[in-house]
Amino acid sequence: MTVESKGCACAAPTPASGGGFWKSGGWLLAALPAWIALYVALKPIADWLAFRAFGLAPGSRLGEAVAFFAYDAPKVLMLLGAVVLGVSFVQTFISPERTRDLLAKRTGAWSNLLASLLGIATPFCSCSAVPLFIGFVRVGVPLGATFSFLVSAPMVNEVALFLLFGLFGWRIALLYTVTGVAVAFVSGWIIGKLRMERHLEPWVMTVPFTAAEAGSGPAGFGARLDLALQATKDIVGKVWPFVLAGIAVGAFLHGYAPAELLARFMGKSAWWSVPLAVLIGVPLYANAAGIIPIVQVLLAKGAALGTALAFMMAVTGLSLPETVILRKVLKPRLLAVFLSVVAAGIVLVGFLFNVLM
Amino acid sequence: MKIEVLGSGCTKCKLLAERAEEAAKELGVDFTLVKVTEYPDIVARGVMSTPGLVVDGAVKSQGHVPTVAAIKDLLR
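Residue numbers (this note's numbering), protein chains in the order written: chain A, 1 to 357; chain B, 1 to 76.
Read the hints as simulated data drawn from the structure, not as lab findings.
We put the beta carbon where it would ideally sit given N, CA and C, even for glycine.
Be aware that a few hints might be false.
Unchecked claim - Just the calculated beta-carbon pair ranges, DEER-fashion:
id, chain 1, residue 1, chain 2, residue 2, range
1, A, A53, B, K14, 35 to 45 Å
2, B, M1, A, F221, 27 to 37 Å
3, A, V90, B, M1, 28 to 38 Å
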């Protein structure tokens with residue numbers, strides 16, 4: 001996947017002018033009951049489609065795969081739409097510039113912790129990783145804290161969080177969040193301790209620089225809601241093919257992959273499955289929405305929780321396109337340290353869960 | 001009027017450039033539109049989240065693509 005298409009899965013809300021509360025808000029109030037009714041009816045509709053309309057036998061491989069797809073595809077897309085809408089609304093109050101200003105005054109481990117936590121909610125697009133990196137470092141955000149943010153922002157984003165919550169329940173969502181923040185915190189802290197400032201490309205510190213000012217954002221509830229609606233349209237419009245592809249792979253595995261096979265390769269007894277999952281996941285790029293349906297099936301088919309979570313973290317947190325972009329500001333040594341520290345952290349998280357759970 | 005669209009070339013930046021051009025034409029102002037794609041030039045203008053819109057040296061929007069109507073307000 002190209003760098004360009006990666007950038008495009010990011011939030012780029014488009015504010016509409018005008019449009020008060022009742023124009024958008026009223027529409028939303030009417031849509032909510034319809035959304036809930038449809039969501040509840042998804043399972044019977046999917047079963048009816050697969051086993052009645054298509055006449056497939058319940059329990060057959062094809063039947064189960066089709067039923068899975070017909071249920072999961074609308075479910076994940078509906079969850080995604082609702083989640084992105086809520087999140088986009090909240091994010092009209094948050095900006096990377098404000099996060100930077102909060103971090104600029106901090107030092108030590110607190111800066112890493114704060115950066116990891118702010119990374120969860122701050123809108124971040126890897127297409128602006130370079131200007132963001134320079135903006136952070138040049139106003140005095142510690143290098144370690146900058147990395148904590150860079151790890152946490154794509155990996156532990158709120159969309160991933162709510163999808164995990166909707167599909168797996170609060171325990172796994174919480175586990176993923178806490179461990180993701182921990183990986184970001186520790187990796188950034190280690191990089192900070194290594195004092196690798198001289199491994200930045202020289203232009204990062206010398207290029208003429210103007211500190212970006214935090215914008216005021218749109219004014220009023222209606223304008224924010226309009227912005228959030230537009231962002232939802234943009235984001236869901238961009239990611240739905242990836243989500244469907246993820247669910248199709250998931251549906252195939254659901255119907256055709258024998259449970260014992262996956263359990264043997266990705267179960268607890270295979271210790272090497274965690275590093276292998278991370279190794280496969282790191283170069284891959286997909287956003288959380290596309291990877292979660294696959295994780296769902298892996299888990300159902302006997303993959304160990306730690307292995308599945310490690311795979312998801314590796315896919316969302318590190319990627320080839322982002323590495324190429326970051327090479328512009330990091331010398332190879334620092335880039336290698338960054339990749340290996342984060343990958344090692346993810347492997348540890350995987351082992352931890354496989355041992356504990 | 002000098003309109004600059006800042007961004008490393010993702011589709012959002014192209015969309016912003018299209019909308020900015022449309023907005024300026026609708027307003028009937030005399031303008032030049034420049035795409036700023038190099039990172040040093042982007043940070044020098046004080047933009048951290050792309051795509052950014054800069055009009056006559058002043059940052060008007062960053063991190064999102066405003067609608068044509070909103071851009072017209074920004075250009076006025």
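Exercise for the section: Run the structure past the numbered hints and jot down the numbers of the failing ones, going up. Expected result: Failing hints: none at all.
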